[in-house]
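Enquirer: Each chain is listed here by its residues.
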Amino acid sequence: MDRILTAPTVMNSKEADPDITLVERYTSGDMTAFDELMIRYERQIYRLCYRFTSNTDDARDLAQEVFIKAFEHLADFRKESSLKTWLYRIATNHCINHVKSNTQHFVEVTETVRQTSATAHAELEEREQRDHFRKMVKRLPPKQRAILELRIHEQLSYEEIATMSNRSVSTIKASVFFALEKLRKLVKEPLKTRSEMKLQ
Amino acid sequence: MFGHLKAEDFTNLLDGAKLTERLHAHLQSCPQCMKTFESIQGVRNQIEEMRAESAEYIPEPDWTEFRSDVRTALLSRSVKRETANRGWLGGMGWQPAMAWGISMVLVIGMAGVLWNHQHEHLGSQTEAVSVDNTAQDDVDLNSLAAMSQTDVFDELIQLDADEAQNLQMILDDMAQEGVSQQ
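Those sequence lines, one after another, are chains G and D.
First residue of the first sequence: 813, per the working numbering; consecutive thereafter.
First residue of the second sequence: 63, per the working numbering; consecutive thereafter.
Treat the hints loosely; a few may be bogus.
[What the hints assert, rightly or not] Covered stretches of chain D, as calculated for chain G (at least 3 residues, CB under 8 Å): (1) 70-79; (2) 98-112; (3) 122-130; (4) 134-142.
[To be verified] Per the computed footprint, the stretches of chain G lying under chain D, defined by three or more beta-carbons under 8 Å from a beta-carbon of chain D, are: (5) 844-856; (6) 889-903; (7) 939-952; (8) 988-1000.
[Claimed, not checked] From chain G, some residues computed to sit far from chain D (all C-beta separations above 12 Å): (9) Arg837; (10) Glu961; (11) Ser982.
Worth flagging that the hints you see were computed from the coordinates, not collected in a lab.
Quick reminder that beta carbons are idealized off the backbone N, C-alpha and C, glycines included.
Can you build the whole structure from these sequences, using the hints too?
Expert: Right, dumping it as structure tokens:
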């Protein structure tokens, strides 16, 4: 926990930031900086996308779109925040849009799990609960889910998330609480049948 | 009960931050806040467990291919943008096209001014010529009208003897023809 609280925030000295140097090299035409920038962030961005999609192909496509968009607009990067924060903002927006346009897909996955869990062995109950929890995380409103992903999975500091989303640290902290509270209520809810889902 | 913990306070508490004495005392004495905290903490712990599990088995793509795809897509989009720009500018960029357009406007403008100037000059010349001709005609007419009978006879007077004889013969013949007709 302490590690999270003391996570590095936006760098004070932008001159010393190797990301800024790489960005400047890339925008001035040095294509070797492209690979270096990719290597630094490709895994992190891909994993974030995977958590939203739970699918390797979708996660790869989404992550590639994030980098394409980032490199196309790298000249517009104002260096007011760190490159990491900037990339995460693009990635989070992409993921939120992806979730919004694929909501029905997640509902159907939930139904499949329900059918499977109905025939599951008692020893697998614990596993089933974890699966259920995962599915409930996916049912969170996209923005609340994004905040939890960024904070808990990516371990970004509150300051970084606040910079990304143009919100105050207090707002982000409160949002984390409300996301957890929402998740708690969702987990308590019994799984709904397909017909109930359609009625919603 | 007043002074319940706020959302931000709960998050701080989950992160292990120490509460102020007042909030800590409240939490100890408020079953509602304690219940909220415990339930939220349970959810948070489950997410942490999920994170630890998922970190192990997220399948990763071939990173070289991944980078190559991004590079290719960037080049492809860049070429498409360039082609789209060329499409409606006829292969020129904005600045050359604009310079070309301005030049054309200037040339057409200059040509128009010259043509207009020339047209006006020719018009004035034609008018001048016609005015001159009219003046000449007027002079001729005036000179004939002004020519008196005396001047004709003066010319006749200037005839030499043979010419005067011939003229006299013509006049006589004409006189005789007139008599015979009568």
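Enquirer: Evaluate each hint against the coordinates.
Expert: Hints and how they fare:
Using a Cβ-Cβ cut-off of 8 Å, 8 residues of the stretch 70-79 of chain D lie near chain G, which meets the minimum of three, so the contact claim holds. Under the rule that three or more residues need a Cβ within less than 8 Å of chain G, the assignment of the stretch 98-112 of chain D holds, with 11 such residues. As drawn, the stretch 122-130 of chain D meets chain G at 5 residues by the rule of a beta-carbon pair under 8 Å; at three or more, the given contact holds. For the stretch 134-142 of chain D, the stated coverage by chain G is satisfied: 3 residues place a CB nearer than 8 Å to a CB of that chain, which reaches the threshold of 3.
By the rule of at least three residues with a Cβ nearer than 8 Å to a Cβ of chain D, the coverage given for the stretch 844-856 of chain G holds, with 6 such residues. Using a Cβ-Cβ cut-off of 8 Å, 0 residues of the stretch 889-903 of chain G lie near chain D, which falls short of the minimum of three, so the contact claim is violated. Given as covered by chain D, the stretch 939-952 of chain G passes the check, having 4 residues with a CB less than 8 Å from a CB of that chain where 3 are the minimum. Interface restraint, the stretch 988-1000 of chain G with chain D: holds (8 residues with C-beta to C-beta distance below 8 Å; minimum three).
With a least beta-carbon separation of about 16 Å from chain D, Arg837/G lies farther than 12 Å from that chain, consistent with its non-interface assignment. Some Cβ of chain D comes within 12 Å of the Cβ of Glu961/G; the nearest lies about 9 Å off, and the non-interface call is violated. At roughly 5 Å, the least C-beta separation between Ser982/G and chain D is not larger than 12 Å, which violates its mark as non-interface.
Taken one by one, the earlier hints fail for this structure at numbers 6, 10 and 11, listed in ascending order.
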